[in-house]
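Those sequence lines, one after another, are chains W and Z. Quick note: to get our numbering, add 107 to the position in the first sequence (first position is 1). Quick note: to get our numbering, add 2 to the position in the second sequence (first position is 1).
Since the hints were derived computationally from the structure, they do not count as laboratory data. The model shown is predicted, which means the values in this text are computed figures rather than measured ones. Mixed in with the good hints there might be a few duds.
As the list claims (entries may be wrong) - Only some residues are given here: those of chain Z computed to face chain W with a beta carbon under 7 Å:
| hint | residue |
| --- | --- |
| 1 | 37 |
| 2 | 57 |
| 3 | 59 |
| 4 | 72 |
| 5 | 73 |
| 6 | 74 |
| 7 | 172 |
| 8 | 175 |
| 9 | 177 |
| 10 | 178 |
| 11 | 182 |
| 12 | 203 |
As the list claims (entries may be wrong) - The calculated DSBU-like cross-link candidates involving lysine-lysine, where the alpha carbons are at most 30 Å apart (straight line), are:
| hint | chain 1 | residue 1 | chain 2 | residue 2 |
| --- | --- | --- | --- | --- |
| 13 | W | 175 | Z | 83 |
| 14 | W | 176 | Z | 71 |
| 15 | Z | 229 | W | 175 |
| 16 | Z | 25 | W | 270 |
| 17 | W | 176 | Z | 97 |
| 18 | Z | 117 | Z | 71 |
| 19 | Z | 238 | Z | 212 |
| 20 | Z | 25 | W | 175 |
Even for Gly, the Cβ is constructed at its ideal location relative to N, Cα and C.
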Amino acid sequence: MELTQIVLTSLFVSTTATLIASIISLIIGIPFSINRFKYKNNILRITDTLMSIPPVLMGLVVFMLLSKKGPLGHYNLLFTPTAMILAQTLLVLPIIFNLIVKQIQHSAVKIQKTCIMLGGRSFDILILIIKECKNEIITAITTGFSRAISEVGAVIMVGGNIKGYTRVMTTYIALETNKGNFEGAIKIGIILLLISFGINTLLHLLKGRDTNEYIY
Amino acid sequence: MKKFLAILLILFLFLTACSNEIKSITLATTTSTQDSGLLDYLLPYFEKDTGIKVKVIAKGTGEALEIGKRGDADCLLVHSKAKEIDFINQGYGVKRYEVMYNDFVIVGPKDDPAKVKDNASDDPIKAFELIYKSNSKFISRGDESGTHQKEKDIWKKANIEPKWKNYIVTGLGMGQVLNMANEKNAYTLTDRGTYLSMKDKVELNVLCEKNSVLINQYSLIMLNPEKINFRQHEAKIFIDWMISERGQKLIGEFGKEKYGQSLFIPNAGR
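Just chain W, with the same shape it has in the complex:
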């Protein structure tokens, strides 16, 4: 059925993008947060800015990249789900990266020191930091996912809103509103909200007990 496929495409594109962005953010973000080096603050400021990049602008950039006249033109990726995943990954990467770095910075350094004292290797440190800062990391990922699934500007541009192929929930809402079919648009809107709620609940369940609870 058409609606089922739209929902599945939406989920597939947004989860894949969030997953890729999360993995990259973890691999780069953790060493980034525990090491001190030149230009660190400059890089953070750039990612800060990229956090608020308008999706249509990202859509335009990816469009130019993937169009047949662009540098990646001969891969024929424009107007495919892959293009949408690429755009969304680039869109949420700075968000997840930035949130992870800022949230774990302080505790990560402490964990690193303790770990070195106990004779841990760098890989152990990485794993331990992920374990200890699980809550912060999940919050960052949730935020990234929310941005990805609710975004319309970039996916409509690079995906083309093709029926049964690159049509996702947000572009469907845009199209149906355009046609004056507000009922259909609202229906999908509600599904979108429910899915976001479900995924947020799921991720919330993954979180451990909030450490702040012990303070009071």
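Dock chain Z against chain W, hints included.
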């Protein structure tokens, strides 16, 4: 756990469905052919007949032509004769095939403040003059689409520079513009197909129609393989099917049941 596996399986199936490239072409077209429902109705027949899947990207005519120029589509279905000829003269296209037409109409609020219905029910140029002189609200697509081209054309014929306080330039698709005209009690130029498909949802009346100026010709454009790399073979099959007896008959039948009249009148080869 079972549920989790099921979800994984669905995702996997979905992935394979995505990567499995069956024969397909990308058609860049105007919003009106999609918003009116014509392509949703027509393409399943084409797919059944030929096994070729058509991926539709609906933009304004201007943008569709740009997409064609960049080689990001395999075939174009557009409606702006001057721009199409220009496109072919620049060497991007080989030939245009006229495939069907419908007509534009000027719609507006029921109370009709510019008195278009009384004084210019079949004269779009005079109608535009009346709207301009009465300082009424008019909403323009403003997006270089076929409809926008036609609108500019009529302003030019009426010798009016459309710049007054109530001339609203949007950049939205046809359906959205009709919604906006409805909300703002404004006049606008629309293709009949989109108007009919939205008639029940908006309180706008046709005030001016049936004039040769308002004819809205749609054509398919065969791109130039020497300049653009595209799926030439499939594109040719698509064009041939659209102008074939079967394609033309199907186009002519579209909308008859629902609206009591055809939304598009086939005229290939005529």
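Report holds or violated for the interface hint on residue 73 of chain Z, using the least CB-CB distance to chain W and a cut-off of 7 Å.
4 Å, holds
With a cut-off of 7 Å, does the beta carbon of residue 72 of chain Z approach a beta carbon of chain W closely enough for the hint to hold?
5 Å, holds
Going by Cβ atoms only, is residue 203 of chain Z closer than 7 Å to chain W?
At about 4 Å, which falls below the 7 Å cut-off, the nearest Cβ of chain W leaves the hint on residue 203 of chain Z intact, so it holds.
Given residue 178 of chain Z as an interface hint, is the shortest Cβ-Cβ distance to chain W below 7 Å?
Where the cut-off is 7 Å and the nearest Cβ of chain W is about 5 Å from residue 178 of chain Z, the hint holds.
For residue 25 of chain Z and residue 175 of chain W, compute the direct alpha-carbon distance and say whether it is at most 30 Å.
With a Cα-Cα distance of about 19 Å, the restraint between residue 25 of chain Z and residue 175 of chain W holds, given a limit of 30 Å.
With a cut-off of 30 Å on the C-alpha distance, tell me whether residue 176 of chain W and residue 71 of chain Z pass.
9 Å, holds
Verify the proposed pairing of residue 176 of chain W with residue 97 of chain Z, using a straight-line Cα cut of 30 Å.
23 Å, holds
Holds or violated: residue 238 of chain Z and residue 212 of chain Z, Cα atoms, limit 30 Å.
With Cα atoms ~34 Å apart, residue 238 of chain Z and residue 212 of chain Z exceed 30 Å; violated.
Residue 172 of chain Z as an interface hint toward chain W, with CB separation required under 7 Å:
Because about 12 Å separates residue 172 of chain Z from the closest Cβ in chain W, which is outside the 7 Å limit, the hint is violated.
Are the Cα atoms of residue 25 of chain Z and residue 270 of chain W separated by 30 Å or less?
Measuring from Cα to Cα gives roughly 16 Å; hence the hint holds.
Tell me if the straight-line CA distance from residue 117 of chain Z to residue 71 of chain Z falls inside 30 Å.
43 Å, violated
Regarding the hint that residue 57 of chain Z lies at the interface with chain W, is the smallest CB-CB distance below 7 Å?
Hint holds; residue 57 of chain Z Cβ to chain W Cβ min 4 Å, cut 7 Å.
Going through the hint list in order, the structure does not satisfy hints 7, 11, 18 and 19.
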